[in-house]
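Visitor: Chains B and S supply the protein sequences, listed in that same order. Using this note's numbering, you'd call the opening residue of the first sequence number 524 and step up by one each time. Using this note's numbering, you'd call the opening residue of the second sequence number 524 and step up by one each time.
Honestly, the hints are just simulated from the structure, not real lab data. One or more hints might be untrue.
The list treats identical chains as one, so a pair stands whether inside a single copy or across any two.
Below 27 Å or equal to it, Euclidean Cα-Cα: the simulated DSSO-like pairs (lysine-lysine) are [stated by the list, open to error]:
no., residue 1, residue 2
1, Lys546, Lys586
2, Lys672, Lys546
3, Lys632, Lys546
4, Lys632, Lys586
2 protein chains.
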Amino acid sequence: MDQAFIFDVFGTCVDWRNSVARKVATAVRGVDPFAFADAWRGEYQPAMERIRAGGRGYVPLDKLHLENLATVLARFGATCDDLRDLNRVWEQLDPWPDVPSGLTALRHKALIAPCSNGSVGLMARLARHGDLPWDAIVGADIAQDYKPKLSVYLRSVEVLNLPPDRVTMVAAHNDDLVAARAAGLRTAFVARPTEHGASQTCDLEPISDWDIIASDFNDLVTRA
Amino acid sequence: MDQAFIFDVFGTCVDWRNSVARKVATAVRGVDPFAFADAWRGEYQPAMERIRAGGRGYVPLDKLHLENLATVLARFGATCDDLRDLNRVWEQLDPWPDVPSGLTALRHKALIAPCSNGSVGLMARLARHGDLPWDAIVGADIAQDYKPKLSVYLRSVEVLNLPPDRVTMVAAHNDDLVAARAAGLRTAFVARPTEHGASQTCDLEPISDWDIIASDFNDLVTRA
């Protein structure tokens, strides 16, 4: 196996918004579950940015998610009985329907691995939940920093023992691919136009001439 | 999944000696393939020891294997046409017969991952070769150091997001378990009495009261 495809996960492989909102609806009373899910996810980039900028040492995303949950509960004036149980929803996100079949087919052509900001443990449990047949788990936890820092892509390629130009980064987010390309990787864009709900405005289209532009993971396999 | 089993690989999961000898027999003319395999493997600990002791920065095992191959070829006064191809034999080692079925059954009880001195890429390719259904790959490449340094076990447990006492290290080598126990992990011994051939003298028996002592991986599942 002299090539690999590595994947953004939240939004690209799994539908975090509907999955989180569904659990919030049962665990947090008196809030709009979609507004709560969006607010929780809204704390994601600022929490990582402090680490990327060097203002805080690396801590895994599981811990950031838990801290952010407490922040958002306070903002909504809401409570929940078991924060740690609710936080585990990030290990229980449903894949988009095309993902298990697409990954299973792609495995015949290449090594496949998540290159996510989620931890190894989070990714392993999410793979169990969604039947994602990864060969390995690379990404933030391996690099001890967060995407889109170039070190995350470079370290991921290095541990797979492949040159960057034999590795394709797959994402539904153009900024992830901008960084992957800067690190020397090949790039594949798969739009997820309802990641943020029906009125999504970002990442509806590729913003560059990515090496592959696919409509979903099954289409990605035919173009790989 | 609130527990994990992590595994030594060379010797514990896979029969490196017969697999390497078989490929040496076709790739290197005029040598005893078992003597050559033993000599190649004999360079393994000294090469890692220099890194463990701080005399050399971390380099992945793939590179050490390649350097050691050149050393051993010179010692035997032998040549081979393609060193890199021969070096890939470490990605093509056959599992012991009980390993695929044992791991597949154990997955119903726990997360499973190799905790080897092999790199992530080597472990991913070896898993493809032998149908080893790992949830993740931990070990040396994650810790940037080599077992039995305690940091390798501690870092492996950390990225799985589990406390050490929820993780069991499985090995056919007592010294691996001594270190794992010192790091706070649970321990399981599975003897591989022919790892080094019919006249093996080491690791025929457990030297301590390991938490589990099993005859093979299927027996391990019943005791897990």
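Visitor: Taking the earlier hints as the rules, which of them does this structure contradict?
Guide: 2
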